[in-house]
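Trainee: Please build the complete structure, drawing on both the sequences and the hints.
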Amino acid sequence: MDADTIARLIEQGLPGAKAHVQGDDGVHFEATVVCEAFRGKLPLARHRMVYATLGDLMGGAIHALALRTVTPDEAA
17 MDADTIARLI
27 EQGLPGAKAH
37 VQGDDGVHFE
47 ATVVCEAFRG
57 KLPLARHRMV
67 YATLGDLMGG
77 AIHALALRTV
87 TPDEAA
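Heads up, the sequence shown is in my numbering, so the first residue is 17 and it goes up one at a time.
Honestly, the hints are just simulated from the structure, not real lab data.
All values derive from a computational prediction rather than experimental measurement.
No residue lacks a Cβ here, since even glycine has one placed at the ideal position from N, Cα and C.
Hints may be right or wrong, so weigh each one.
[Unchecked claim] Distance windows between CB atoms, simulated:
| no. | residue 1 | residue 2 | range |
| --- | --- | --- | --- |
| 1 | Asp20 | Ala68 | 17 to 23 Å |
| 2 | Met17 | Ala92 | 16 to 22 Å |
| 3 | Asp41 | Ala92 | 16 to 22 Å |
| 4 | Glu90 | Val43 | 17 to 23 Å |
| 5 | His36 | Ala77 | 18 to 24 Å |
[What the hints assert, rightly or not] Cross-link-like lysine to aspartate or glutamate pairs, in silico, EDC-like; alpha carbons within 20 Å at most:
| no. | residue 1 | residue 2 |
| --- | --- | --- |
| 6 | Lys34 | Glu90 |
| 7 | Lys57 | Asp20 |
| 8 | Lys57 | Glu90 |
| 9 | Lys57 | Asp18 |
| 10 | Lys34 | Asp20 |
| 11 | Lys34 | Glu52 |
| 12 | Lys57 | Asp41 |
| 13 | Lys57 | Glu27 |
| 14 | Lys34 | Asp18 |
Mentor: The structure is reproduced here in C-alpha cells:
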C-alpha cells in the first residue's frame, strides 16, 4: 500500500475532499483530510467517514492511519 493510493481512495469516497497522506513503511500512515462534509460533525464521526472510504484495507494492508480531519475553514 502507498500514500498516493490511500489519498486517491479517500478523495473518491468523499466527494470534494482533499487528502494529503504520508507514510514511509507501507503500513503506517498519517493523513490530513479537508472536506466540507465534515462540517458540524464530531471528530469520531469524521474519522468513521474516512475509514469507510478504505473499507477492508483498514487493519489489513493499512495497519495504522493517524487522521487529522478538518473543514476548509478549519484548515485555513
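Trainee: For every hint, state whether the structure bears it out.
Mentor: For each hint, the structure was consulted:
1. Asp20 to Ala68: 17 to 23 Å: Once the Cβ atoms are compared, 20 Å apart, the range 17 to 23 Å for Ala68 and Asp20 holds.
2. Met17 to Ala92: 16 to 22 Å: Taking Cβ atoms as reference, Met17 and Ala92 lie about 30 Å apart, which means the hint is violated.
3. Asp41 to Ala92: 16 to 22 Å: 31 Å, violated
4. Glu90 to Val43: 17 to 23 Å: 28 Å, violated
5. His36 to Ala77: 18 to 24 Å: For Ala77 against His36, whose Cβ atoms are near 19 Å apart, the range 18 to 24 Å holds.
6. Lys34 to Glu90: 13 Å, holds
7. Lys57 to Asp20: Violated, at roughly 26 Å.
8. Lys57 to Glu90: 13 Å, holds
9. Lys57 to Asp18: 28 Å, violated
10. Lys34 to Asp20: 12 Å, holds
11. Lys34 to Glu52: 10 Å, holds
12. Lys57 to Asp41: This hinted pair is violated, its Cα atoms lying about 31 Å apart.
13. Lys57 to Glu27: Roughly 18 Å between the alpha carbons, so the hint for Lys57 and Glu27 holds.
14. Lys34 to Asp18: 17 Å, holds
In terms of the numbered hints stated before, the structure departs from hints 2, 3, 4, 7, 9 and 12, listed from lowest to highest.
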